[in-house]
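Whenever a hint applies, use it, and build me the whole structure from the sequences.
So the protein sequences, as listed, match chains A, B and C. Add 160 to the 1-based position in the first sequence for my numbering, that's all there is to it. Add 2 to the 1-based position in the second sequence for my numbering, that's all there is to it. Add 41 to the 1-based position in the third sequence for my numbering, that's all there is to it.
In case anyone wonders, no lab produced these hints; they're calculated from the structure. Keep in mind that this is a model prediction, so the values were computed, not measured. Yeah, the Cβ is synthetic: ideal placement off N, Cα and C, and Gly gets one too. Everything hinted at is true.
The following residues of chain C were derived to be distant from chain B, with all beta-carbon distances above 10 Å:
1. Glu202
2. Glu244
3. His288
4. Glu301
5. Leu307
6. Leu349
List time: in silico SDA-like cross-link candidates among lysine to any residue, alpha-carbon distance up to 20 Å:
7. A:Lys212 x B:Pro113
8. B:Lys105 x A:Ile224
9. B:Lys14 x B:Gly71
10. A:Lys245 x A:Ala191
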Amino acid sequence: MRYLCLIYEDEKWWDKATQTDMQKGMAEYNAFTESIKKNGNYVGGEALQPTKTAKSVRVRNGKISTTDGPYVETKEQLGGYYLIKAKDLNDAVQVASRIPGAKNGTIEVRPIMEFDQP
Amino acid sequence: MKYLCLVYQEEKQEVNVPPAQIEQAKRDYWAFTEDIKKSGHYIGSNGLKHTDAATTVRVRNGKVSTTDGPFAETKEQLGGYFLIEAKDLNDALQVAARIPSAKWGSVEVRPIWG
Amino acid sequence: MAEETPDIENYDVVDDRLRLIFTCCHPALNPDAQVAMTLREICGLTTEQVAAAFLTTAPTLAQRIVRAKTKIRDARIPYEVPERADLPERLASVLHVVYLVFNQGYFTRADLATEAIRLGRLLVDLLPESEALGLLALMLLHDARRATRTTAAGVLIPLEEQDRSRWNRAQIEEGAALVRRAFETRRAGPYALQAAIAAVHAEAPSSAATDWSEIVGLYDVLLRMEPSPVIELNRAAAVAMRDGPEHGLTLIDAILARGELQEYHLAHAARADLFRRLGRKSEAAAAYNRALALAVEEPERHLLERRLKEL
Chain A
161 MRYLCLIYED
171 EKWWDKATQT
181 DMQKGMAEYN
191 AFTESIKKNG
201 NYVGGEALQP
211 TKTAKSVRVR
221 NGKISTTDGP
231 YVETKEQLGG
241 YYLIKAKDLN
251 DAVQVASRIP
261 GAKNGTIEVR
271 PIMEFDQP
Chain B
3 MKYLCLVYQE
13 EKQEVNVPPA
23 QIEQAKRDYW
33 AFTEDIKKSG
43 HYIGSNGLKH
53 TDAATTVRVR
63 NGKVSTTDGP
73 FAETKEQLGG
83 YFLIEAKDLN
93 DALQVAARIP
103 SAKWGSVEVR
113 PIWG
Chain C
42 MAEETPDIEN
52 YDVVDDRLRL
62 IFTCCHPALN
72 PDAQVAMTLR
82 EICGLTTEQV
92 AAAFLTTAPT
102 LAQRIVRAKT
112 KIRDARIPYE
122 VPERADLPER
132 LASVLHVVYL
142 VFNQGYFTRA
152 DLATEAIRLG
162 RLLVDLLPES
172 EALGLLALML
182 LHDARRATRT
192 TAAGVLIPLE
202 EQDRSRWNRA
212 QIEEGAALVR
222 RAFETRRAGP
232 YALQAAIAAV
242 HAEAPSSAAT
252 DWSEIVGLYD
262 VLLRMEPSPV
272 IELNRAAAVA
282 MRDGPEHGLT
292 LIDAILARGE
302 LQEYHLAHAA
312 RADLFRRLGR
322 KSEAAAAYNR
332 ALALAVEEPE
342 RHLLERRLKE
352 L
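Next comes the structure, spelled out in structure tokens:
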């Protein structure tokens with residue numbers, strides 16, 4: 161079964177982080193990614209640029225409206241995700257708990273919906 | 003450049019939607035996906051099960067805490083995403099506006115690092 | 042009931058139960074739903090009984106259970122006993138559930154209490170953690186008084202009037218030994234403390250000869266660990282025994298004045314008892330009536346009615 165692990169972290173941390181902190185953070189993420197690639201949990205994953213670069217798009221009555229900022233303002237912000245393959249929720253939670261961001265942020269684990277062709 | 007288009011829509015409203023309209027939405031999604039595959043925008047996409055099935059995980063002082071529910075309770079919920087390749091933000095916003103849910107929900111467009 | 046016959050067939054049933062209970066008590070489920078599902082799926086309680094234990098309505102509860110079952114399916118929560126590393130965390134929610142099951146069987150359903158004790162023993166075998174020991178001890182000590190808690194007609198007999206010669210001594214000894222084991226881990230938690238309090242009661246020759254100071258002291262530790270108005274109420278009752286009814290009354294009134302326990306029948310029953318002991322009959326009657334309006338369990342209602350008549 162596939163799960164999406166959404167990583168919420170206080171993005172200000174990266175602003176305040178020293179060069180060494182940042183390198184350490186990146187190294188932790190790289191090591192984690194390598195480890196889940198090796199054991200077969202990894203399907204995909206991306207890191208997002210900070211929410212100040214986010215735009216929200218809505219279409220109402222055929223008109224496109226674009227606003228600055230993320231869909232919702234939160235204390236911690238969506239900073240990236242991993243798409244993983246796991247045997248069950250326990251397995252997924254175990255993987256999620258090893259994401260470096262779990263230590264200072266929050267990981268939301270969402271099962272993927274499998275669609276049939278209409 | 004890669005962008006993530008996060009699709010937010012109100013889960014609660016879905017029960018009120020007539021089946022024919024849901025079928026239409028599925029066809030619209032399929033057509034849209036085929037379309038952006040053809041135009042070279044598509045990298046990947048996934049739909050998520052409802053936030054009722056969400057679990058939140060935190061690790062504090064080495065202890066894993068697991069709780070029921072999504073990270074944040076919002077009026078609309080993250081229901082899926084498209085990862086796309088776009089020439090620039092305008093191009094990405096054009097693609098995002100064509101995601102069927104943009105008509106009844108919201109799409110958040112986030113540039114990817116690197 | 043599966044006795045200590047370790048045949049394969051029984052083992053499978055036990056294992057199955059344990060797997061089911063850990064699944065129902067999975068931390069990724071809503072905490073209330075965890076308890077509700079265990080009571081319904083493992084102990085066979087009706088939704089109404091579970092709702093009563095939760096102070097909620099049956100439809101609300103049914104909805105919670107449906108949501109939890111949907112989540113088990115959609116998020117694929119596995120049907121298994123957690124791995125050793127995850128056991129302590131997972132155990133806490135299971136213990137909570139087991140205790141609720143025990144309480145549900147406190148008066149009317151000895152089978153549920155027995156079931157809870159059996160689950161408690163299983164958990165102690167699986168993971169002899171302080172709190173698992175504490176909970177089993179607590180249940181054994183309470184259950185040791187089962188035969189003397191109500192009259193044949195089903196009227197609750199208060200602790201001070203119970204025939205202590207009919208308490209189950211073997212069970213009290215087992216419970217007390219478990220309390221000592223729990224304290225030896227030096228991680229005695231709320232269950233072990235409550236069990237220690239129950240052991241002081243169980244080992245006292247009479248209500249008057251009970252070491253009330255020791256009990257108040259244990260409640261003090263318990264309150265620091267786990268602040269709760271119900272524990273405060275129990276402590277107030279012990280203070281009343283140690284220092285006199287008026288001291289207990291002051292403490293209970295302070296809890297109620299904060300807006301807490303106003304709908305909790307035992308708070309009003311305890312107040313009524315203290316008024317009665319002080320000879321303040323009309324206040325006692327009013328408090329007994331208030332308790333009666335809130336009490337659900339028949340044995341408790343009978344005692345309240347008896348007290349009211351005796352005034």
